[in-house]
Amino acid sequence: KNQVEQSPQSLIILEGKNCTLQCNYTVSPFSNLRWYKQDTGRGPVSLTIMTFSENTKSNGRYTATLDADTKQSSLHITASQLSDSASYICVVSPTSGAGSYQLTFGKGTKLSVIP
Amino acid sequence: EAGVAQSPRYKIIEKRQSVAFWCNPISGHATLYWYQQILGQGPKLLIQFQNNGVVDDSQLPKDRFSAERLKGVDSTLKIQPAKLEDSAVYLCASSPSPQGGDTQYFGPGTRLTVL
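Quick note, the sequences are listed as chains A and B, same order. Mapping of the first sequence onto the numbering used here: residues 1 to 115, in sequence order. Mapping of the second sequence onto the numbering used here: residues 1 to 115, in sequence order.
Calculated from the structure, these hints are not laboratory results. Source: prediction; values computed, not measured. Watch out, some of these pointers could steer you wrong.
What the hints assert, rightly or not - Taking CB as the label site, the calculated pair distances span:
#1 A/12 <-> B/98: 34 to 44 angstroms
#2 B/61 <-> A/78: 20 to 30 angstroms
#3 A/24 <-> B/97: 37 to 47 angstroms
#4 A/55 <-> B/8: 39 to 49 angstroms
#5 B/8 <-> A/39: 14 to 24 angstroms
Stated by the list, open to error - Restricting the straight-line Cα-Cα distance to at most 20 angstroms, the calculated cross-link-like pairs of lysine to aspartate or glutamate (DMTMM-like) are:
#6 A/57 <-> B/102
#7 A/107 <-> B/85
#8 B/44 <-> A/39
All C-beta atoms, glycine included, are put in the ideal place defined by N, C-alpha and C.
Chain A on its own, in the form it takes in the complex:
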């Protein structure tokens, strides 16, 4: 069964600090992995997307890494800001061809950045 496990479930950090969120997946065959940011009361917004051949992808203060061998990904947030407070969802795509895209979503990590 395809699964995506995220840790920690929740995290509180001080403004300006760095943090790393983890994602482990068992989806196979693997096509790509995305990290989404979901603000409270909003829909998810894509931060990064990586294929199995990519090791790292950056988007401003967000850097995602991928180890396709161990099926692990991480999202590192540098110099956190209050606006980073949100849920971060890891999403894995099991297919790369046409047809249904049963994306497998993690439950998310709820990040709170406090002053």
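Fit chain B to the supplied structure of chain A, relying on the hints for placement.
The following block gives chain B in isolation, referenced to the frame of chain A:
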């Protein structure tokens, strides 16, 4: 570029009542998705449309849920009759590719509370 629009944003109904949600995807996007997101969980795909045809509705509870995408643009999702466990946020997303699998752009969601 306008994003994915959804309405209403909030809805409160009693069990056994009916409810309908509306989604207007990003102009030109061929693929439209409806997701159910229960509090504390990642989104779960209910149905995927390619233009106005259904690609995947394997997780749609067809005894009470129905969806349509007339003319391959707007879409409606209906629940009839609603149950307590239907309380969730219903997210609509769209993506440009007819094959799906590319980045999905999410709307703000409709928060449904069933009493």
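We went through each hint and held it up to the structure:
1. For the pair residue 12 of chain A and residue 98 of chain B, the supplied restraint of 34 to 44 angstroms holds, since their beta-carbon distance comes to about 43 angstroms.
2. With their beta carbons about 43 angstroms apart, residue 61 of chain B and residue 78 of chain A fall outside the hinted range of 20 to 30 angstroms.
3. The given range of 37 to 47 angstroms is broken by residue 24 of chain A and residue 97 of chain B, whose C-beta atoms sit roughly 28 angstroms from each other.
4. Between residue 55 of chain A and residue 8 of chain B the Cβ separation comes to about 43 angstroms, which falls inside the hinted range of 39 to 49 angstroms.
5. Between residue 8 of chain B and residue 39 of chain A the CB atoms are about 19 angstroms apart, so this pair conforms to the stated range of 14 to 24 angstroms.
6. For the hint linking residue 57 of chain A to residue 102 of chain B, the alpha-carbon distance of about 17 angstroms falls within 20 angstroms, and the restraint holds.
7. For the given pair, residue 107 of chain A sits about 18 angstroms from residue 85 of chain B by alpha-carbon distance, which is consistent with the 20 angstroms threshold.
8. Among the hinted pairs, residue 44 of chain B with residue 39 of chain A is consistent with the structure: their alpha-carbon atoms are about 18 angstroms apart, no more than 20 angstroms.
The structure fails hints 2 and 3 (numbered hints given earlier, in ascending order).
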